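Trainee: Residues per chain are reported as follows:
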Amino acid sequence: MTVEVSSTASGPSSFPGLSKAAWQDVAAEGALGDALSHDVELTAEQLRNLYRLMALSRRVDRQAINLTRQGALGVFASSQGQEAAQVGAVFALEADDWLFPTYRETVGTFARGVDIVELLALFSGSWHCGFNPYQYRVAPLTTPLATQALHAVGLAMAARIRHDPVVAMTFFGDGAASEGDAHEALNMAAVFGAPVVFVVQNNGYAISVPYRLQTKASSIALRAAGVGMPGVRVDGNDVVSVYGAVRTAVERARRGDGPTLIEAVTYRLEAHTTADDTTRYRSDDEAASWRGRDPIERFLGALREGGVVDDAFLASVEAEGDAVAARMRDFLFDAPAGDPREMFDHVYATRTPLLEAERSMLQQELTAAQETT
Amino acid sequence: MELTMAGALNAALRDSMREDDSVVVYGEDVGKLGGVFRISDGLQAEMGVDRCFDTPVAESGIVGTAIGMALYGMRPVVEMQFDGFSYPALDQVISHVAKYRSRTRGRVGLPLVIRIPYGGGIGAVEHHSESPEAYYAHTAGLTVVSPGTTADAYALLRASIAYDDPVIFLEPKRRYWLKEDLDLPVTAPPIGKAVVRREGTAATVIAYGPMVTTALEAATRAADESGIGLEVVDVRTLSPLDIDTLVSSATKTGRALVVHEAARFAGYGAEIAAEVNERAFGYLAAPVLRVTGWDVPYPSAKIESHFLPDADRILDAVARLLEY
Amino acid sequence: MSSVRAFLMPDLGEGLTEGEINRWLVAEGDVVVVDQPIAEISTEKAIVEVPTPFAGRVATLHGAEGDSIAVGSPLISIEVAAAASASASGNLLVGYGTSEAAPRTRRSAGLPRDIAAPVATVAMPPASPLVRRRAADLGIDLSAIAGSGPGGMVTQADLERAAEQDGAKPPTETPPAVAGARRSALTGVDRVAAERLTRSYREAPTAIAWVSADATRLMELRAELPAGATDASVTPFAMILRLCAGALRKFPRLNAHFDSQTNEILLFTPIHLGVAVQTDRGLVVVVIRDAQGKSLRDIGDDLLRLAAAARDGSIDAADLRGSTFTVSNFGAFGVDGGIPILNPPEAAILGVGRISTRPWVVDEDVVPRSLVELSLVFDHRVADGGLAGGFIRHLADLIETPDEALLHD
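For the protein sequence lines, the chains are W, Y and E, in the order given.
The first sequence begins at 1 in our numbering and counts up one residue at a time.
The second sequence begins at 1 in our numbering and counts up one residue at a time.
The third sequence begins at 1 in our numbering and counts up one residue at a time.
Treat the hints as calculated values from the structure; they're not laboratory data.
All values reported here derive from a predicted model rather than from experimental measurement.
In this text, a Cβ means the ideal position worked out from N, Cα and C, and glycines have one as well.
There could be a bad hint or two in this list.
Stretches of chain Y that chain W covers, calculated by requiring three or more beta carbons in the stretch to come under 8 Å of a beta carbon on chain W [to be verified]:
| # | segment |
| --- | --- |
| 1 | 34–47 |
| 2 | 52–58 |
| 3 | 63–74 |
| 4 | 133–145 |
If you want a taste of the chain Y side facing chain W, the calculated C-beta under 7 Å gives, among others [stated by the list, open to error]:
| # | residue |
| --- | --- |
| 5 | 2 |
| 6 | 109 |
| 7 | 162 |
| 8 | 164 |
| 9 | 195 |
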């Protein structure tokens, strides 16, 4: 009996190169086709930027874990190992497009441009969403699984009604795909032809529950056939292929041809969150095996081979990483709590009489506390 | 002009859509059919399928997409076909609709309306006669409105659509055919204000939604049969509650009761009773009483009249109040 | 210059309260860099490598391997370089709001220090707050009322019935509002006085006797008093008080109380004269004790002192109680006379008008004389017309020929 290396159904092991993307399409009858190769246009500058974003994301993720172990963040959900899937996907969006992430997409949202300190407010306990969604066109990191997929569909529907060439992208995982909202989102997007791209990161686990216990289907991409939209399965650890597949879907949506479901097969290298213990449900060998196929290392190898990067560039990326990490430490370690009275300020557009009264009551408690200290 | 409540709601939707093209109306069967109660009758024909449309049977999806639409700058007015079918959307309502503004520190408000026909007394099968207002009223971040008159149905729906915060709009379906002589557009006190529907001095009857008619019926009987003058207060907005108007009335009469169809235990009436007791303590001759449905799942049609509060039950409670 | 910073044990697992040091990865004296793992901490959920947030030299390890450190307690102290400690930019929270910082803890105190335990209400009958307050206002004891409301509660109707029986005015319908009326509630002393007067007015069957007395000689006598004999206090009224005390010695039955509970007359030996004094807060009855033994001067002084004290509010409670007979000075208002209300539970009250010059008949001639009206209101259960008339006639005589009575102190 062989040890299962991955709980995901075996996916395409691609990496055709820096200008080639490979993925499998779901046929109308509901079967996955063979992996086909597609040309991808990425300039050297774009390729370097892809690497830079992945490397910085990894650095940020490491720092966030450290900060969690130092008590600066209450908890953190790592995306180590999923950089190619998240960076490759958001790289395909234009400036006016919207992103609907979950708590797992710190990499994707950071790569989209959200300030890292504002982004981590959810985990540091300072505020449930520390950034302005309208500033970045990124919805708050959502926790109830798959619920934000419907928000993405709604926004896309509105954009279509308004005739705006805006695309909404949402991420969810293999676990979230079991939620009712995931199905409702896929179905409604297809019915209304909404310009949405669903990127499902199949990273093998929903906390401790492996893929084979999450669904009997051999691939999540197959659901697309069930709701009547195009479906794609791609190697989530191949950033160029992810970019190629998502870009195709984004362009399809933008020209009014409707939504696409993309399954990016990848692996969650770290635990579900820093409060989780992976030794209880998976072998260290399995994780080690996937670490050996690190998407960033893999991409870097190809970039070196292609002469796209040099040591000076790599050094600058590392320096930038150190700077971001230092900023994270400066702002997040020992950060003060903020004003508790603010909890009354944004419940409604205007504070109601009840909230005014309660705010005064808290103010009295605070004043009394100040007087006794 | 004689108008039913259903007609008033239809007019409110139409007038709002005409004035503001960011208003979109959708839900199950609201487009082509015009809604199972005809509340959205004629809207798709007039405004087009982009402004008024049908959805798959997906309540969570209806509310979830409304969130996305509101995020984009639209004013979606969505329908939950019946009270008992609003529950699949509770996650979206409680986890997101109610929390979005607070979560984003005030940067994102969701100007959406969720219309829900509610309440019993229509001889329906299971799940079509629920009174879920307590779940919504208890959720911080939601505004909960329930008209009790045809005029208010028009005015409060228009106000809810124009409101910058999300509104749960509870329509008393057994009163859909309540006729009033109205000339539209009619204005009324805003969201957040309760109104004294009938003045009196003997005791205060506090009601909302379908029970406003019942309370007024009880008051008429009390006056005609016993010469007792009851004051009837229509809550209109369950959250945020205009407690001052309620307390003012209870202070004046010294005796108060609240009536609702929903079950008694941990019901909305408990909130009113607690607040009035606390604020009017020194002026009350009697404790605040609650006249409610029983603490059972809503029963079948043949016995629902024994569940629902009626004028008799209200008058029994008034008699108890007067014993003090 | 360097400083030592303590790294406190963090909560490593969403609500854990402590962590056990599984293994130290550094020793005291070691130089460490930021994020370098310094210990393996074992929690309920996992074994976690904890990295240091500070760079510098390890100063103190706050425990041995195997020790449990509470979350929030120091785990390791690091001596950080000055440059390193200054490099921290301070916690400018971007986008976190800039309102003044609130303290982290709430006050720990519970009840205020000077709080008093509530008066036990166990023995009191059930009644709504409204009924309780009205009962207090009416001076009615709730426990004396049988409640007919739910659970034996004393209802408004019960209270009104009890109030009627008690003789107090039953509460009526709220009178229709008259535009422009301003309500002013009777409170405190006024309320009590109003209640007592109302009750006495209803209970006691009173009659009146009056007489006009020629006070000419009284006035002459006053003018003849040696100067320096505290003249200011020896007012005509004080003189009449002195004569009244004398008159009461002859008619002791008027120096009495009537107990309506027991239907008894209480006769007093000492004469404690109550005198109604007008103050800013209304009419106050001050008491000149033992007037029977006091000289004119004493009485005058007492009255002056008591009146002043009553007016400025400094009067002793004892000086407002215990009168056996009361005198009401209508003259102070500049009127000829009046019919006072008994000061319950007293049996009689004397009204004294102003001393005014009027035509009078003396020896068949009409001459101007100083006259004063005296009126006696008395409780007919205690005295009859003969007694009352006799007293007031005698007092009038004393006023008309005061020399003997006044100068023989």
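Trainee: Against each hint, give a clear statement of whether it holds in the structure.
Mentor: Each hint, compared with the structure:
1. Note: the segment 34–47 of chain Y has 0 residues with beta-carbon separation from chain W under 8 Å; the three-residue rule is not met and the coverage is violated.
2. As drawn, the segment 52–58 of chain Y meets chain W at 3 residues by the rule of a beta-carbon pair under 8 Å; at three or more, the given contact holds.
3. Evaluation of the coverage hint for the segment 63–74 of chain Y: fulfilled, as 12 residues show C-beta separations to chain W shorter than 8 Å, against a requirement of three.
4. A count of 3 residues in the segment 133–145 of chain Y with a Cβ less than 8 Å from any Cβ of chain W is obtained; the coverage claim is therefore met, three being the minimum.
5. This hint is violated: residue 2(Y) has a C-beta 36 Å from the nearest C-beta of chain W, more than the 7 Å allowed.
6. For residue 109(Y), the suggested interface contact is upheld, since its CB lies about 6 Å from the closest CB of chain W, less than 7 Å.
7. Using the Cβ-Cβ criterion of 7 Å, the hint placing residue 162(Y) at the interface with chain W is not satisfied: the shortest such distance is roughly 12 Å.
8. The interface hint given for residue 164(Y) holds, since its Cβ lies 5 Å from the closest Cβ of chain W, which is under the 7 Å cut-off.
9. With a cut of 7 Å, the hint placing residue 195(Y) at the interface with chain W is violated, because the nearest CB-to-CB distance is about 17 Å.
Consistency note: the structure conflicts with the earlier hints numbered 1, 5, 7, 9.
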